[in-house]
Amino acid sequence: MQQALSNPHTRAKWRLVFARPIAMASATLLLLFVSVALLDSIHFRLAMPFQDKGEVEFQNEVKSVLDVVLVRILPAAETTYSAPLAQYSFSKETIRLEDGSTIRSYPRLQHGGAHLIGSRKPRAQDIAERLLLSVFEAVICSGILLLLLAALIKSERQESISIRAKEILVGTTTVPWRASLIVVFFIMVLVFVIINLGSVYHLFGTDKVGADVLYQAIKSIRTGITIGTVTTLIMLPVALALGMSAGYFGGRTDDIIQYFYTTLSSIPGVLLIASASLMLDLYMEQYEELFRSIAQRQDVRLLALCFILGITSWTGLCRLLRAEVLKLKEMDYVQAAHAFGVSQVLILLRHLLPNIMHIVLITIVLDFSGLVLAEAVLSYIGIGVDPTMESWGNMINRARLEMARDPMVWWSLATAFFFMLTLVLSANLFADAVRDAFDPRSH
Amino acid sequence: MNNPLLTINNLSTWFQTAQGEARAVDGVSFALHRGETFALLGESGCGKSITALSVMRLVPEPAGRIVSGEVLLHEQNLLSLTEREMQSIRGRKIGMIFQEPQSSLNPVMSVGKQIKEVLDLHFSLSKVQAKRRTLELLDLVRIPDPDRRYREYPHQLSGGMKQRIMIAMALAGEPEILIADEPTTALDVTTQAQILSLLKQLQQETGMAMLLITHDLGVVAQVADRVAVMYAGHLVELAGQQDFFTQVAHPYTKKLFASLPTDVKRDRPLEIIRGSVPSLTQSFAGCRFANRCDFVQAKCEASEPPWQQLSSDHQARCFFPELRQPEGQKDSSLIVGTESNTQGVKLEIKNLQVHFPIHQGLMKRTAGYVYAVDGIDLTLEAGKTLALVGESGCGKTTVGKAILQLLRPTAGEVNFNGQDLTQLSQSQLRPMRRDFQFIFQDPYSSMNPRMLVEDILLEGMLAQNIGDNARQRAARVKTLLERVGLPAQAGSRYAHEFSGGQRQRICIARALAVEPKLIVCDEPTSALDVSVQAQILNLLKELQLEHGLSYLFITHNISVVEYLADEVAVMYLGRIVEQGSVRELLDSPKHPYTIALLAAVPKIEEERSMMKLQLGGEIPSPSNPPQGCHFHPRCAHATEQCRQTYPATTRISDSHEVRCHLFG
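Chains as they are written, first to last, in our numbering: chain A, 1 to 443; chain B, 1 to 664.
Check each hint, because a few of them may be wrong.
[To be verified] With the Cβ distance kept under 7 Å, some of the chain B side facing chain A (calculated, not the full set):
1. Lys113
2. Gln114
3. Tyr153
4. Gln156
5. Gly159
6. Leu406
7. Arg408
8. Met447
9. Ala463
10. Ile466
[What the hints assert, rightly or not] Once the Cα atoms are required to be at most 25 Å apart in a straight line, the calculated DSS-like pairs of lysine-lysine come out as:
11. Lys265/B x Lys93/B
12. Lys364/B x Lys327/A
13. Lys93/B x Lys127/B
14. Lys13/A x Lys219/A
15. Lys127/B x Lys329/A
16. Lys93/B x Lys113/B
It should be emphasised that the hints constitute simulated quantities derived from the structure, not laboratory data. Where a beta carbon is used, it is the ideal one built from N, C-alpha and C, also for glycine.
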């Protein structure tokens, strides 16, 4: 494996991948998603504020670094639905006026747009100002980044920073830094919009209990990414080991493994997942003391889902690998290794594994987006992650009833859709570039 | 001389590559007359196929483009036609057949339909007429039982049959010119002889002109009327057949002839062309062959030699076409062997059988066997070379693999140094594997593309614990690389960075790394050009004398056998039909199959005789060999006895035996 990665072949191929603007852009986006997920994965419990000298007690609630950041930035919860960037609530309530009389009207939100109370500035103007400010800030930050980048690349060559910066902007560098910079610029615009606009308004509105939808969507990133990666990690060794041994050893081993995966892939996956999910529910009810915090419960369910998805999804890759190994083991170089008396294990590791890595790589990146989508579908029908967990599937599931309201509450669904689309699309575009570079048939 | 049918003037086709623009075809001019066979001869990469594709306007775009020149067919310049107009030329005026009949036919269409498709394209025939014409065409290319073959699919036909179908398709448009791009390279010699004589006969019947592209001097000698030799993108010699073979002019052509292995050259190394083909991305100032030429002079490097008219029908692009190597010089470098370390290596094979079960049905029941190797006996002495000769599918590679226990034989003994290898377990075999090694046919697939050359060489040493430490082994890698004629730094590069000949050298070095006593060479030169083949054969011969190696040389190339082998065994359908010392067997072959096989080899020296003894039919399936003598359905001398019983071994002399009833 290490050999395969250090191989100049492979390095040249990766360079080919990153030479594509689209791949570079999607890689940058993926990186953003992953870093958000990582921030969300660093969990801690705050110490209780008032303590005796001796024992330190901790709050029951587990928080992540991302929570802390988002709570600082995003406005606090309202009481019920409010539209994106709204100042007033979405539904009428009975409001008691100062003079004691009551009217039915849209009440002012407690946090969304609260800074405008007392000022005479119209909402639209405020929003426009804040948008412009965000773009301005993003331009400045990108400019600084550009100069930094130019300085870093410059160390290898002789030109001045300004010339390098120009080259990056014109797009004549070998690595398409420009594409990456453009994406970074848009990401920065988004971040500043969230900071400037999302801190005083509910950027994507609020849900039924008044929680900020943007917050939910960002929190869901970790769920999506975890499902994608952990499942792959579970499925990969199984697929590799079984696929390679089926192809290489053939005979009885091949028969058993083939029988196994044919059986497994003919059972409807959803059925397997549903039954596993119900079993886990039962188990968690019986041993409630094992799962103290909500976060712990959520993560156990998440892992269980990854596990069961992993168990059902290795068959495709296994089949591909078996076929490839069947072909490769007849290659002359494998025969030559036999003629030298090289052991079976070494032949598998040295001659076969490096030569099937391109298939593994392509499949992993393609499977990733499939798994993110699978989570949404499974959560939608209620057998996915824990219902209390933030996930795009759960958001969509809740949006079922909201869509039936009149006037329609559309923003939960739209937000979940928008986030999921961005992640899956960038993963797919990246996978495309990887496949083009590594697939021997594409040349 | 009458007006030429096809004239090519100063044709240039360039290809865009990573290194720059490669001038694959660079100013080629020649003319093709009605009824004549014009051979374009050259080694791989010289641009001969691209020339043909340029004529057909089939150069893969946008990588390649025709830069300049004209291709005149009846005074009409094909290069200025539109694509639509060109479509009426292709197939109708100029037909083409390719090297690989396998990949040129559509596997899901019956062959009759495929021929009919061509007819529908060019003529407006009714259904009945088209079918009748198709059957005529099948008959024309000598396909027996055309009614049945009409409905068959490509996979049901043998390679030779498929090539006949391709020819029928090319002839369907009744073209005036047939371009044949290495039409017999993928075929066996006996099939090659059939196809070549078919082409020649068809040409006489239809009067079409043929542009034959080939690398095989023997094929040229058999069928060509005029020959053009191509080197590095342009023609270097142009001659009538007679002149070409009697008064070779260009040094490159001379070298090509000299590097052909024959039995006359047995005791000395073959001549090789030093260096390699120059990169085609440059523009040449002088002669393109200058850096490899033995007679090179200052003038050659300074300016490009013009065409020199040597006779009315012979010209060469050389300043000094009359210079010849002095005769004495050649013999100076006799290969002298030291018969030193030839102790005790003896390979003895008794009644070796390899049968592959055919599984059928749901329960994988064994329905029958492929009798790939069906009882053969062979003996190979230390330091000697035994050639195993036969057509593809006769089981010769299986023999090689079974000897090395890469395939476990069904029955029989493989005694190596007095030990029966078939009785040993894999773990018992492992330490013994250093004594016998394998060199594969295809130098491209026999090395792991993801390993460095030094790791490839080290693999065997590590597996066999050769060398005490990493430093010793690294030193040995260097020595080996230098021994096979590669720079020591080659170790830190990948196999794909080398040319075919260099790769085969690496494969030889890899086998040598474990100090073997026996090497099974499975057609090690059949994927290589003649000049490269000469280098590899020289190397193998030198190594044999240095290390006392025994070679089991599996090949279908008789001239290689003549040059290299001490003994020959001829294999047909899993059995050895004749076996003996190379002299006796090649000079006085006894078995009708051996005679036919030798006759089918196109020879340069021989007067051409198209009607000479030719082997009809195809090699039968090894899963269902004919009763009696396996060869009787194709044998002219077959008697009732041949149909009943397999002949016993008859000794002709101490070192020559045959299995044929004619001598029993």
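For each hint, the structure was consulted:
1. Among the interface hints, the one on Lys113/B is violated; its C-beta lies about 29 Å from the nearest C-beta in chain A, farther than the 7 Å criterion.
2. Interface restraint check: Gln114/B against chain A, minimum CB-CB distance 26 Å, threshold 7 Å, status violated.
3. About 24 Å separates the beta-carbon of Tyr153/B from the nearest beta-carbon of chain A, more than 7 Å, and the hint is not met.
4. Taken as an interface hint, Gln156/B does not check out: its beta carbon lies about 24 Å from the nearest beta carbon of chain A, beyond 7 Å.
5. Because the closest C-beta pair between Gly159/B and chain A is about 20 Å apart, greater than 7 Å, the hint is violated.
6. Among the interface hints, the one on Leu406/B holds; its C-beta lies about 6 Å from the nearest C-beta in chain A, closer than the 7 Å criterion.
7. The restraint placing Arg408/B at the interface with chain A is violated, with a minimum CB-CB distance near 12 Å, outside the 7 Å limit.
8. Taken as an interface hint, Met447/B checks out: its beta carbon lies about 5 Å from the nearest beta carbon of chain A, inside 7 Å.
9. For Ala463/B, the interface hint holds, since its Cβ comes within 7 Å of a Cβ in chain A; the closest pair sits about 5 Å apart.
10. At a threshold of 7 Å, the smallest CB-CB gap from Ile466/B to chain A is about 10 Å, leaving the interface hint violated.
11. Straight-line distance between C-alpha atoms of Lys265/B and Lys93/B comes to about 45 Å, which puts the hinted pair past the 25 Å bound.
12. Between Lys364/B and Lys327/A the CA atoms are separated by roughly 21 Å; this keeps the pair inside 25 Å, and the hint holds.
13. Between Lys93/B and Lys127/B the alpha-carbon distance is near 23 Å, which keeps this suggested pair within the 25 Å criterion.
14. At most 25 Å may separate the alpha-carbon atoms for a hinted pair to count; Lys13/A and Lys219/A exceed this at roughly 34 Å.
15. A threshold of 25 Å between alpha carbons decides the hint, and for Lys127/B with Lys329/A the separation of about 49 Å lies outside it, so the pair is violated.
16. Simply put, Lys93/B and Lys113/B have alpha-carbon atoms about 21 Å apart, close enough for the 25 Å limit, and the pair holds.
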